[in-house]
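Asker: Assemble the complex: chain L is given as a structure, and chain G must be docked to it using the hints.
Number of protein chains: 2
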Amino acid sequence: MSDQPLLKVDACFSPFLYPVYADDTSIVVIIDIFRATSAMCTAFEYGAEKIIPVASVDEARAYKAKGYLTGAERDAIQIEGFDFGNSPYHYMDERIKGQTLVLTTTNGTQAIEAARNAYRVVIGSFLNIDALCEWLVAEKRSVLLLCSGWKNKFNLEDAIFAGAVTEKLSAMSDQFKLGDGCLALKYLYQLAHQDPYKFLNYSSHKERLARLNLKKDIKYCLTPNQTRVIPVMKDGALVRMEVLAGSLD
Amino acid sequence: MSDQPLLKVDACFSPFLYPVYADDTSIVVIIDIFRATSAMCTAFEYGAEKIIPVASVDEARAYKAKGYLTGAERDAIQIEGFDFGNSPYHYMDERIKGQTLVLTTTNGTQAIEAARNAYRVVIGSFLNIDALCEWLVAEKRSVLLLCSGWKNKFNLEDAIFAGAVTEKLSAMSDQFKLGDGCLALKYLYQLAHQDPYKFLNYSSHKERLARLNLKKDIKYCLTPNQTRVIPVMKDGALVRMEVLAGSLD
Chain L
1 MSDQPLLKVD ACFSPFLYPV YADDTSIVVI IDIFRATSAM CTAFEYGAEK
51 IIPVASVDEA RAYKAKGYLT GAERDAIQIE GFDFGNSPYH YMDERIKGQT
101 LVLTTTNGTQ AIEAARNAYR VVIGSFLNID ALCEWLVAEK RSVLLLCSGW
151 KNKFNLEDAI FAGAVTEKLS AMSDQFKLGD GCLALKYLYQ LAHQDPYKFL
201 NYSSHKERLA RLNLKKDIKY CLTPNQTRVI PVMKDGALVR MEVLAGSLD
Chain G
1001 MSDQPLLKVD ACFSPFLYPV YADDTSIVVI IDIFRATSAM CTAFEYGAEK
1051 IIPVASVDEA RAYKAKGYLT GAERDAIQIE GFDFGNSPYH YMDERIKGQT
1101 LVLTTTNGTQ AIEAARNAYR VVIGSFLNID ALCEWLVAEK RSVLLLCSGW
1151 KNKFNLEDAI FAGAVTEKLS AMSDQFKLGD GCLALKYLYQ LAHQDPYKFL
1201 NYSSHKERLA RLNLKKDIKY CLTPNQTRVI PVMKDGALVR MEVLAGSLD
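Line by line, the protein sequences give chains L and G.
Take my numbering: the final residue in the first sequence is number 249, and no numbers are missing along the way.
Take my numbering: the final residue in the second sequence is number 1249, and no numbers are missing along the way.
Incorrect hints may appear among the rest.
Straight-line C-alpha distance at most 30 Å; calculated DSS-like pairs for lysine-lysine [to be verified]:
| id | chain 1 | residue 1 | chain 2 | residue 2 |
| --- | --- | --- | --- | --- |
| 1 | L | K198 | G | K1215 |
| 2 | G | K1008 | L | K215 |
| 3 | G | K1008 | L | K219 |
| 4 | L | K151 | G | K1177 |
| 5 | L | K177 | G | K1177 |
| 6 | L | K177 | G | K1215 |
| 7 | L | K153 | G | K1151 |
| 8 | L | K168 | G | K1216 |
| 9 | L | K215 | L | K151 |
| 10 | G | K1198 | L | K8 |
| 11 | L | K215 | L | K234 |
| 12 | L | K151 | G | K1151 |
| 13 | G | K1216 | L | K8 |
| 14 | G | K1219 | L | K216 |
| 15 | L | K151 | G | K1219 |
| 16 | L | K168 | G | K1153 |
| 17 | L | K198 | G | K1177 |
| 18 | G | K1153 | L | K216 |
| 19 | L | K151 | G | K1008 |
| 20 | L | K198 | G | K1219 |
| 21 | L | K140 | G | K1151 |
| 22 | G | K1219 | L | K215 |
| 23 | G | K1177 | L | K219 |
| 24 | L | K8 | G | K1177 |
| 25 | L | K177 | G | K1008 |
| 26 | L | K153 | G | K1177 |
Selected chain G positions facing chain L (Cβ under 7 Å, derived; list incomplete) [said to hold, decoys possible]:
| id | residue |
| --- | --- |
| 27 | S1014 |
| 28 | V1020 |
| 29 | N1152 |
| 30 | N1155 |
| 31 | S1203 |
| 32 | L1244 |
Over 12 Å on every C-beta distance to chain L, these chain G residues come out as not near it, computed from the model [to be verified]:
| id | residue |
| --- | --- |
| 33 | D1010 |
| 34 | P1019 |
| 35 | R1061 |
| 36 | A1065 |
| 37 | T1100 |
| 38 | W1135 |
| 39 | A1138 |
| 40 | K1151 |
Honestly, the hints are just simulated from the structure, not real lab data.
C-beta: ideal position from N, C-alpha, C; glycine also.
For reference, chain L alone in the conformation it holds in the complex (with noise of 0.2 Å):
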């Protein structure tokens, strides 16, 4: 028993699925590719200082009518009356620079929602991979990936992203042991790695963006190390993950 390793990491498919995997001291990584961890990652890496998640619109309406810099998607679609979209290059923008924004999207803000009470939330996209692993790594806990999906349905493109962490961890690391579901997903990633974009040609949500015109953002949220930023859940918030080690110093 002595060589096992005691941490383990696991990937869930669906937020529905969350209190099936939940436990009290595993880091839950929440992952929405298309696009909502994809932006929040832009949006810190462009100066952001907060962000506010929440589940509804009429919530997010609530924020907007304060002054908030606000952010509301369904559908793929920016609902009207809003600042922004989840697009990333919505993001990319000289408004947000020290401010707390609020955003509302259709399933990454709802797997946000579902882990509320785990020991810790972050935030991962291909743009932030290398250093959320690496943290990851350095943390030595347990981790659960959790795939937002696309209306508590199982997606593609969380499932090849949350492969690709498991499949760095493993290898720079010995301490995981893998769950079955994330061993599966990596070695769906071993088959999408050299080109995830074509890998992604036939799945539900790539359609559903390419028939919106989103290619430039498909390729943008699949393009890894856009940034260093970790987003993490403090207080209710995403803040960046040197705010919250200050705060426990």
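Answerer: Just chain G now, with coordinates in the frame of chain L:
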């Protein structure tokens, strides 16, 4: 729109997630490769007339008291006082010929219970894969592959079987549009199909069964086409497809 197939195949990775995928029209294929659905197919091949799947051990015990031949398994171990566990080898038994069996298992019978309101529920395993796929194509309906998993978590062996079915259905007919879950499993199966036993080396349940000395069971459960029987739910019990078909004439 007109050249878009109207029928879909998708995979649901846990009975817990079934409500997200449920609809009124799809055929639901219950999958519990190690070992419930493999045992069920074997029991019909060896002459069982009917199997009553029950969710709890107490229900199984009540049937046993009434004189039914009864199988009961929890955590991969046969429960004392019952006639069978969920090894397919237990059902290669003269006693079951023409009998009604009762069966409760950790995962498989729970999945059947979850899908009780589906349009049609059938039992799939490698043991009946070709007969199953031929029937599914002929039915011209959407198909949901419901993996029993392990205690509501994803498991690799059910996923690989769902991938095998997806690949066969795609090869046999262009009537189906694949959901993201199926698409991922089809890729996974392409990696696994040359040697599924080896591919499953690191899976959690294979480890569990190997500890219990069940390698022979594992190998049998991965052997395609040992029977042409397709067990189907009718009035709360599993019967052969011919019985259902007869009753519909």
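Asker: Take the hints in turn and mark each one as holding or not.
Answerer: Cross-check of the supplied hints:
{"no.": "1", "hint": "L/K198 with G/K1215", "result": "violated (39 Å)"}
{"no.": "2", "hint": "G/K1008 with L/K215", "result": "holds (25 Å)"}
{"no.": "3", "hint": "G/K1008 with L/K219", "result": "holds (28 Å)"}
{"no.": "4", "hint": "L/K151 with G/K1177", "result": "holds (18 Å)"}
{"no.": "5", "hint": "L/K177 with G/K1177", "result": "violated (35 Å)"}
{"no.": "6", "hint": "L/K177 with G/K1215", "result": "holds (22 Å)"}
{"no.": "7", "hint": "L/K153 with G/K1151", "result": "holds (19 Å)"}
{"no.": "8", "hint": "L/K168 with G/K1216", "result": "violated (35 Å)"}
{"no.": "9", "hint": "L/K215 with L/K151", "result": "holds (21 Å)"}
{"no.": "10", "hint": "G/K1198 with L/K8", "result": "holds (22 Å)"}
{"no.": "11", "hint": "L/K215 with L/K234", "result": "violated (33 Å)"}
{"no.": "12", "hint": "L/K151 with G/K1151", "result": "holds (23 Å)"}
{"no.": "13", "hint": "G/K1216 with L/K8", "result": "holds (29 Å)"}
{"no.": "14", "hint": "G/K1219 with L/K216", "result": "violated (47 Å)"}
{"no.": "15", "hint": "L/K151 with G/K1219", "result": "violated (37 Å)"}
{"no.": "16", "hint": "L/K168 with G/K1153", "result": "holds (23 Å)"}
{"no.": "17", "hint": "L/K198 with G/K1177", "result": "holds (18 Å)"}
{"no.": "18", "hint": "G/K1153 with L/K216", "result": "violated (35 Å)"}
{"no.": "19", "hint": "L/K151 with G/K1008", "result": "holds (17 Å)"}
{"no.": "20", "hint": "L/K198 with G/K1219", "result": "violated (36 Å)"}
{"no.": "21", "hint": "L/K140 with G/K1151", "result": "holds (26 Å)"}
{"no.": "22", "hint": "G/K1219 with L/K215", "result": "violated (45 Å)"}
{"no.": "23", "hint": "G/K1177 with L/K219", "result": "holds (25 Å)"}
{"no.": "24", "hint": "L/K8 with G/K1177", "result": "violated (35 Å)"}
{"no.": "25", "hint": "L/K177 with G/K1008", "result": "violated (35 Å)"}
{"no.": "26", "hint": "L/K153 with G/K1177", "result": "holds (16 Å)"}
{"no.": "27", "hint": "S1014", "result": "holds (6 Å)"}
{"no.": "28", "hint": "V1020", "result": "holds (4 Å)"}
{"no.": "29", "hint": "N1152", "result": "holds (4 Å)"}
{"no.": "30", "hint": "N1155", "result": "holds (5 Å)"}
{"no.": "31", "hint": "S1203", "result": "holds (5 Å)"}
{"no.": "32", "hint": "L1244", "result": "violated (30 Å)"}
{"no.": "33", "hint": "D1010", "result": "violated (8 Å)"}
{"no.": "34", "hint": "P1019", "result": "violated (8 Å)"}
{"no.": "35", "hint": "R1061", "result": "holds (27 Å)"}
{"no.": "36", "hint": "A1065", "result": "holds (33 Å)"}
{"no.": "37", "hint": "T1100", "result": "holds (33 Å)"}
{"no.": "38", "hint": "W1135", "result": "holds (25 Å)"}
{"no.": "39", "hint": "A1138", "result": "holds (25 Å)"}
{"no.": "40", "hint": "K1151", "result": "violated (8 Å)"}
Comparing the model with each earlier hint shows violations of hints 1, 5, 8, 11, 14, 15, 18, 20, 22, 24, 25, 32, 33, 34 and 40; every other hint is respected.
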